[in-house]
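If you read the sequences in order, they're chains A, B and C.
All residue numbers for the first sequence refer to numbering that gives the first Met the number 0, where the first residue is 0 and numbers rise by one.
All residue numbers for the second sequence refer to numbering that gives the first Met the number 0, where the first residue is 0 and numbers rise by one.
All residue numbers for the third sequence refer to numbering that gives the first Met the number 0, where the first residue is 0 and numbers rise by one.
Hints are not guaranteed to be accurate.
What the hints assert, rightly or not - Think about it this way: if two alpha-carbon atoms lie no more than 25 Å apart in a straight line, the pair counts; the simulated BS3-like pairs of lysine-lysine are:
#, chain 1, residue 1, chain 2, residue 2
1, A, 109, B, 87
2, B, 195, C, 168
3, C, 165, B, 199
What the hints assert, rightly or not - Here are some of the chain A residues that sit facing chain B, going by a computed Cβ distance under 10 Å:
#, residue
4, 6
5, 9
6, 10
7, 11
8, 16
9, 24
10, 25
11, 31
12, 41
13, 103
14, 106
15, 110
16, 111
17, 112
In short, the hints are calculated from the structure, not lab data.
For every residue, glycine included, the Cβ atom is placed at its ideal position computed from N, Cα and C.
Read off the chains here:
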Amino acid sequence: MNENVKGSIKAMAVLLCIAIASGLLLAICNDVFYYEAGGAEDFNALLSGNWALVEVAEDFTSDYGTVSKVAENGTSHAGFIVVGNGSGKSGAYTMAIIIDRATNKVVAVKTIEMGATSSGYDLSQDQLDAYVGIEIADATAFDVIPSGALVAGATGSSKAINNAFKVAGAYYTIHYLGGSAVDPTEEYLGYLGQISTETFTKADVDGSIAVNNGRLLLVATSQTQVGFYVESTSDGNYVDNGAYRVAIIVDRATAQIVSAKVIEDGATIPGYEVGQTTIDAYVGQAITSGNVFDNFEGGLIDSSSLNAGMTNTGWTQSSRTVRNAFSIVANYYYNAFLGGKYLADLETLATGETWTIVPFAPSTPYVDATILCLAQSSSGKVGIVVSAVSDGVNTTNIMNGEYIVAIIIDGATDEVLSAKIVKDGWVSMDIFAVPQEKVNAYVGTVITSATVFDTFEGGLVAAEGYLNYGETNTGWTQSSRAVRHAFQAVAGCYVEYSENIGG
Amino acid sequence: MKIKDIIMDGLFRQNPTLRLVLGVCSTLALTTSAFDSFGMGVAVTFVLVCSNVIVSLLRNVIPDKVRIPAFVLVIATFVTIVQLFLRKYVNALYANFGVFLPLIVVNCIILGRAEGFAFKNKVGLAALDGLFMGLGYTWAMVLIGGVREILGFGTIFGIKLWDFSIGFFASQSGAFFTYGVVIATFVTIWNAIERKQKLKSATAGVKDPATIAEEKEEN
Amino acid sequence: MNILPIILAAVLSNNFVLIQFLGICPFLGVSQKVDSALGMGIAVTFVMVLTCLVTYPIYQFILVPLGLAYLEIIVFIFVIASLVQIVEMVLKKFIPALYSSLGIYLPLITTNCAILGVAELVLTEALVTGLFEAVMYGLFAGVGFTFAIVLLAGLREKLDKLPIAKSLKGFPITMIASCFMAMAFYAFSLI
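Please work from the sequences and hints to get the whole structure.
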């Protein structure tokens with residue numbers, strides 16, 4: 000008995016000693032290997048440099064998440080650890096983001112802690128890198144998720160990550176750019192309301208279209224018009240002036256500028272302001288190409304009477320700055336709304352033709368499809384570029400990307416001459432891609448009515464065997480049905496177009 | 000002679016992954032890539048060597064009836080050190096290991112060696128045993144991880160080999176399948192070698208079973 | 000309330016054994032017979048619930064406030080070992096009938112990584128926001144474990160009667176059977 004108790008006491012003592020020794024060792028190791036997410040290690044892993052944490056402005060929390068740490072690498076870069084609120088099934092994401100303070104562009108990004116319920120729904124580094132290069136001009140920089148970082152099947156995670164960027168963007172705008180974090184959209188829409196009676200809603204800006212000498216602050220659409228709020232900067236020849244902010248309204252049916260107004264005048268020298276009568280010279284001009292205003296002199300002010308010798312162009316700096324605003328709008332409208340950027344696709348499909356864009360707005364929207372570009376060729380052909388998405392019938396995100404299809408129709412015989420997929424929309428597995436021979440099945444069909452393709456099955460891909468893995472109940476793959484949507488829309492568009500114009 | 004036995008036991012005869020089938024959880028979960036497998040192998044080897052040394056040093060102090068809690072304490076301490084170290088210096092591995100890093104504590108290999116070897120042997124031998132058991136675990140992990148990475152992603156140690164890949168091998172079910180097939184192959188080859196050795200004299204040159212196993216996998 | 004997502008995730012789409020690879024040792028070791036598999040499953044579920052009930056508050060209300068989060072592994076493994084001991088003693092003394100059927104599995108549970116795994120995962124799982132969810136997570140992780148191990152035992156009882164190549168006998172064929180089960184469970188996580 001006594002021996003037993005002694006043994007137990009010894010055992011307890013030994014265990015206690017080991018436990019205390021372990022605890023001490025770990026306490027030391029914890030100090031030696033001290034680590035906190037968002038410390039210099041995290042930023043150094045992204046961009047090596049001399050990082051130091053700076054104090055986070057108090058209580059910086061928005062609807063989208065929280066800034067938890069801010070670090071600076073000298074004066075060249077700012078680093079953020081931000082928590083983006085969860086979205087859908089995804090929980091909150093903690094991201095490390097580094098912004099170049101000279102260019103205000105995102106230079107690196109990394110996930111510190113994922114919020115997805117399983118790593119299958121997480122975004123890869125490649126996908127995150129879609130954010131690299133985005134410039135933060137104001138708090139709206141991340142309103143649109145970059146297409147590479149919006150991952151089908153992981154939209155919750157994509158949105159949670161975007162929330163983190165929104166928070167970082169807002170913080171950067173206030174504390175590094177001195178801007179306001181208040182969403183300026185309402186204010187900008189108000190400017191459009193001063194020169195149009197239509198009700199506008201904000202549209203996503205297509206970042207792939209180049210904007211020179213300024214930036215687009217707002218693109219908004221209404222039933223029949225497109226409104227722009229643009230900031231243009233001076234070209235700096237001989238005399239400099241501040242940026243101009245101009246509201247411009249374009250009519251969709253005619254692609255003409257219907258009204259415009261200078262909201263903020265950037266003239267720094269009295270007398271150089273650009274008046275409403277000068278602006279009105281642009282009204283009535285049609286946007287027939289992206290550079291229609293580049294040499295337009297109707298809205299310029301002769302500088303000779305004001306101050307000869309200040310410029311070598313003969314026109315005032317300020318009126319040239321205003322012209323830049325119209326050039327930005329013309330270029331954007333031509334490429335985004337008239338589909339100018341798709342002309343190259345029509346040219347490769349029918350070589351030797353010269354294409355002219357025809358403004359076209361369908362009387363009713365098409366189901367699961369949008370007309371991106373309608374053009375007439377020198378020899379009477381009609382080219383249409385259309386975007387179509389899947390109908391979503393019994394789909395589980397396996398195939399839900401956007402398909403863009405270019406189609407050429409003979410204007411005389413109404414026959415489909417050629418067609419090709421410009422952008423493939425399959426997301427996860429290339430077995431869902433629609434082969435060219437299936438697209439060619441549509442070629443030769445005469446478009447006799449808007450519904451000619453509604454029951455056409457020659458271009459569909461049968462979903463059988465492995466392909467039938469739960470994502471369709473129609474017997475045809477999602478992707479080939481999306482392509483058929485494109486042709487259905489084209490038939491509708493072509494019929495309406497030839498009734499109105501071709502006859 | 001004893002040393003040669005320890006080396007052969009660790010690497011082949013009693014390979015923890017392929018012969019004893021211990022520590023299966025981490026083997027299945029972390030062999031999606033050769034690099035993760037290698038990292039886990041190194042982490043486990045480190046913990047094995049350290050815990051073997053400490054357990055062997057304390058073998059005369061620790062009373063028999065509390066030996067298991069004492070072993071667990073020692074092992075948990077070293078696992079925490081590995082965790083703290085990786086979190087700071089090799090964050091990518093720390094993130095990929097996830098819950099399997101703390102779970103090294105309950106990896107049967109480590110407790111098994113502490114109980115079965117280190118508690119009965121001198122420090123030097125215990126360290127050697129830990130090292131070679133760890134290396135045996137590591138090469139088996141890298142073999143399985145390599146096979147899965149090549150077939151599942153078309154890469155090896157992150158280097159792209161070709162565009163061809165079979166997603167199955169990267170998935171959970173692929174882990175079970177690859178592990179099962181690798182063990183069956185290894186055991187078959189090993190048994191054949193042992194039979195040959197018995198027929199010949201015991202000193203005959205033996206081809207390294209690891210290379211045979213790998214050659215077989217290449218096919 | 001996050002209960003339904005927790006149940007579905009823990010039992011099916013994130014099944015502890017087949018998707019997360021936790022508790023593989025008992026999954027392979029105690030799956031020869033359906034009866035013993037069920038016993039093991041119930042014992043594991045029981046201990047998982049207790050573990051979550053104890054470790055979650057310890058971590059959230061003791062270790063984190065004291066800045067001792069780095070002691071988490073040591074504390075958890077000790078809590079689990081003690082819990083198993085206490086459960087064993089309590090069962091032996093008060094419910095001998097249950098002890099005789101479950102008791103033999105309890106010593107195996109201390110080194111079962113599913114138990115330490117559930118203690119760790121419950122801290123990071125996004126769906127778990129409080130003690131109640133933590134306990135539910137433990138309960139249904141255990142149910143998922145039981146589900147998988149009983150299914151495998153059923154398969155192995157059939158496999159034993161089949162002629163199987165010598166080199167595949169035993170462990171390898173069990174792995175390949177598990178492979179097909181994992182495929183089925185993997186399908187749940189695709190949704």
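Structure-based check of each hint:
A hinted pair counts as satisfied when its Cα atoms are at most 25 Å apart, and residue 109(A) with residue 87(B) qualifies at roughly 16 Å. Of the supplied pair hints, the one linking residue 195(B) and residue 168(C) holds, its CA atoms being roughly 22 Å apart against a limit of 25 Å. A distance of roughly 24 Å separates the Cα atoms of residue 165(C) and residue 199(B); the hinted pair therefore holds under the 25 Å criterion. Among the interface hints, the one on residue 6(A) holds; its C-beta lies about 6 Å from the nearest C-beta in chain B, closer than the 10 Å criterion.
Below 10 Å, beta-carbon pairs count as interface contacts, and residue 9(A) has one with chain B at about 6 Å; its hint therefore holds. For residue 10(A), the interface hint holds, since its Cβ comes within 10 Å of a Cβ in chain B; the closest pair sits about 4 Å apart. A hinted interface residue such as residue 11(A) counts as satisfied when its beta carbon comes closer than 10 Å to some beta carbon of chain B; here the least separation is about 8 Å, so the hint holds. Of the supplied interface hints, the one on residue 16(A) holds, with its beta-carbon coming within about 9 Å of a beta-carbon of chain B, less than 10 Å.
Given hint, residue 24(A) at the interface with chain B, holds; its Cβ is 6 Å from that chain's nearest Cβ, closer than 10 Å. Hint status for residue 25(A) relative to chain B: holds, with the closest Cβ pair at about 5 Å, below 10 Å. Hint status for residue 31(A) relative to chain B: holds, with the closest Cβ pair at about 8 Å, below 10 Å. At about 8 Å, the closest approach between the beta carbon of residue 41(A) and any beta carbon in chain B falls short of 10 Å, and the interface hint on this residue holds.
About 28 Å separates the beta-carbon of residue 103(A) from the nearest beta-carbon of chain B, more than 10 Å, and the hint is not met. Hint status for residue 106(A): violated, given a least beta-carbon distance of 19 Å to chain B, over 10 Å. The criterion of a C-beta within 10 Å of any C-beta in chain B is met by residue 110(A), whose closest approach is roughly 8 Å, and the hint holds. Interface restraint check: residue 111(A) against chain B, minimum CB-CB distance 9 Å, threshold 10 Å, status holds.
Here the hint on residue 112(A) is kept, as its CB sits about 9 Å from the closest CB of chain B, short of 10 Å.
In summary, the structure is inconsistent with hints 13 and 14 from the numbered list given earlier, while agreeing with the others.
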